[in-house]
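Undergrad: One line per chain: the protein sequences are A and B, in this order.
Read in numbering that gives the first Met the number 0, the first sequence has 88 at position 89, and its numbers run on one by one without any break.
Read in numbering that gives the first Met the number 0, the second sequence has 343 at position 344, and its numbers run on one by one without any break.
Simulated from the structure, these hints should not be mistaken for lab results.
Do not take every clue at face value.
What the hints assert, rightly or not - Distance windows between CB atoms, simulated:
{"hint": "1", "chain 1": "A", "residue 1": "Lys189", "chain 2": "B", "residue 2": "Glu182", "range": "55 to 61 Å"}
{"hint": "2", "chain 1": "B", "residue 1": "Asp133", "chain 2": "A", "residue 2": "Ser216", "range": "44 to 50 Å"}
{"hint": "3", "chain 1": "A", "residue 1": "Gly182", "chain 2": "B", "residue 2": "Ala275", "range": "52 to 58 Å"}
{"hint": "4", "chain 1": "B", "residue 1": "Glu259", "chain 2": "A", "residue 2": "Asp110", "range": "41 to 47 Å"}
{"hint": "5", "chain 1": "A", "residue 1": "Glu63", "chain 2": "B", "residue 2": "Ser30", "range": "41 to 47 Å"}
Unchecked claim - Cβ-to-Cβ under 10 Å is the rule here; a few derived chain B residues that face chain A:
{"hint": "6", "residue": "Gly224"}
{"hint": "7", "residue": "Thr328"}
{"hint": "8", "residue": "Leu374"}
Please read all numbers here as calculations on a predicted model, not as lab measurements.
For every residue, glycine included, the Cβ atom is placed at its ideal position computed from N, Cα and C.
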Amino acid sequence: MKTLVAMSGGVDSSVAAALMVEAGHDVIGATLKLWQGPDGEAPTAGCCTVSDAEDARRVAAQLEIPYYVFDYTDDFRTGVVDPFIDSYLLGRTPNPCVECNRTVKFSRLLDQAADLGCDLLVTGHYAQVRREATGWKLLRGIDPHKDQSYVLYMLGQTELARVRFPIGDMTKAETRSIAEQLGLRTATKKESQDICFVGVGDYRSFLDSQTDEARRSGTIVDRDGVHLGSHDGVAGFTVGQRKGLGVSLGEARYVTSIDPTSATVVLGKREDLLASGARLSRVSWVAGAPPPPGRVEVKIRYNCSSVPALLDPDGPTCTVLFEEPQASVAPGQAGVIYRGEELLGGGTILSAVP
Amino acid sequence: MYLDHAATTPMRPGVWEAMEPYARDGFANSSGSHSEARRAKNALEEAREQIAHLLGAHPLEIVFTGGGTEADNLAIAGAALAGGERGGVVTSAAEHEAVLESARFVSRLGCPVRVVGVDRWGLVDPAAISEAVDERTVVVSVMTANNETGVIEPIAKLADAARAANPSVAVHTDAVQAFVSEEVTVDLLRVDMMSLAAHKFGGPKGVGLLYVREGVQLEPVLHGGGQELGRRSGTHNVMGAVGMAAAAQATVEDRKRFVETVGAAREGFETRLREAFPDLELNAPVDARLVQHTHVRFPGIRNETALVRLDQAGVAASAASACQSGAATVSHVLTAMGMSADDARQCLRFSFGWPTRVADGEMAAALVKTTLEDLR
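The shape of chain A in the complex, shown without the other chains:
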């Protein structure tokens, strides 16, 4: 089958491309240029660097497949970066990888793959797609440390029919070992961890570089409204944050909520962070329709395990109630719902249920 492989220049997508070639597909490799500096230059750090594209190009040459770079900077700006900035200004904690998958990779790129005559779009994500009698299923990646299904929750039947993740049933170690066996130049390449467009420095300095509003000062109060200090922008805070609060109270304090309208950051104790559930908005279901209410597992951050919960789906929003109270339910993050290995769907966390 004619297949478009999205190649970032990392080891995962390199191996994904190699496996598709090995399986006899007619493969085209492509790197997405997602972000650029003010003068249109490619970033030198983070993702999308010229050197990443060069690695992808060289791997494609080694695999003897055609290779192109697609300019998605406009779509990425409007679909990912602008909402990322807006979200922080609203006191939320966005997940740009989710938005990139939603608005760029599995929408625009999927359309372009069709325009190029490709039946399949392949990426190097650690997740599994399986065809069953009841339809397409999305499952966690085999490697529990690498599972990336969380950022793919928005995929539905239409997308899954045309998407493949060839390394989803492998561990990272296996991926690297295949890359080494094939002599791919990306075999020992370092993992990219940061938000790709933020580059050197943290997201706060990125926000500062993009908008003056990130610097709107406000007050820090405790849960009774007692003034504790001041800050220079709600965008510098995220729910659950303990470090760098700029106030010293002798004992650990956490951000428990953020009110963007009054630019107020509220601090509390660890137990004040605990929530009994989360409300999700923009919910999508892999099967196309919500599952019946019942026991599920829910994952509320990329870097935490999923926890048992009760699901109450209700149209475009839904509520999950945790079996045990959970800390750090951050509005803006994805809440993703699993049943065992199967990903059922997910949405954006709208608010915590107290």
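Got chain A sorted already, so can you dock chain B onto it with the hints?
TA: For chain B alone, coordinates are given in the frame of chain A:
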């Protein structure tokens, strides 16, 4: 089918044969004082004389460079910074990046730079030049023909307008694309400096030249051993210069045939293309464009997708503007012509060259039709 000759065209027959002796036995450094060096030096100076003759210049007015970009840099930065001055630069918004970026470079060093706009066809208005040139201006640079759209600028008129505003300005033109098919001599264009790049007209890559009229003062861009009368240091690329001269000779001798053959091929190409895509839009004026360029907009078809499909079908075309990573970008030339970013992303350049046969035009159009028609 190769339709990207404006990016690079294959070497013309005989060029490599002319170069090869200097890759082997004639390898010596032309600056030495022994017989081996003299052999290389003779070849270099013969090449210089041959090219000077073709351009209507004196051999000492030819400065060999490492290509068109370096020639443009030397012309702009060299003139603006000559004698430790901060001279003014006037250029157009549709110039090649080599000129625009050189202008930005000297601007950062404190030189006053003015960039005049172009009309919807990419043409520069002589009145805009005379308005932009003032007593501080030392160099005016407008390309002979645009590398993307192929529009031919009224260089002689622009040169007159510039000198009317300030008689001491040096007029530079990047003739890299125009030399391929247009009669280009320094007096015909009335310019003081002119850039050429060998690989555009059937010579090797990595060699070009800057014509510098006697009396024009330049600050060198490359500093070192003082070759090229101190205007461009660096060991001579003898083999490259010999190849460039052979290609230039062939280009001039073959020009009449080139214009006829390529003209007929392009006519067939564009006629068939219009039949297949009735809403096709031409981005260059029919009465003032290079014979080898077809630069068009396919309404509703994204050029990035089109280029991949064409490549898969064996057709090499171009979006004429790519960033370092290889992604197609929105062309500054089209933006300068007032085109929206969305429209600019629907434009493709097809360019023909000396190997093109008349029948290639219609064949190419048929390939483009089958490859792109379902995208509309």
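Undergrad: If you check each hint against the structure, which ones fail?
TA: 3 and 6
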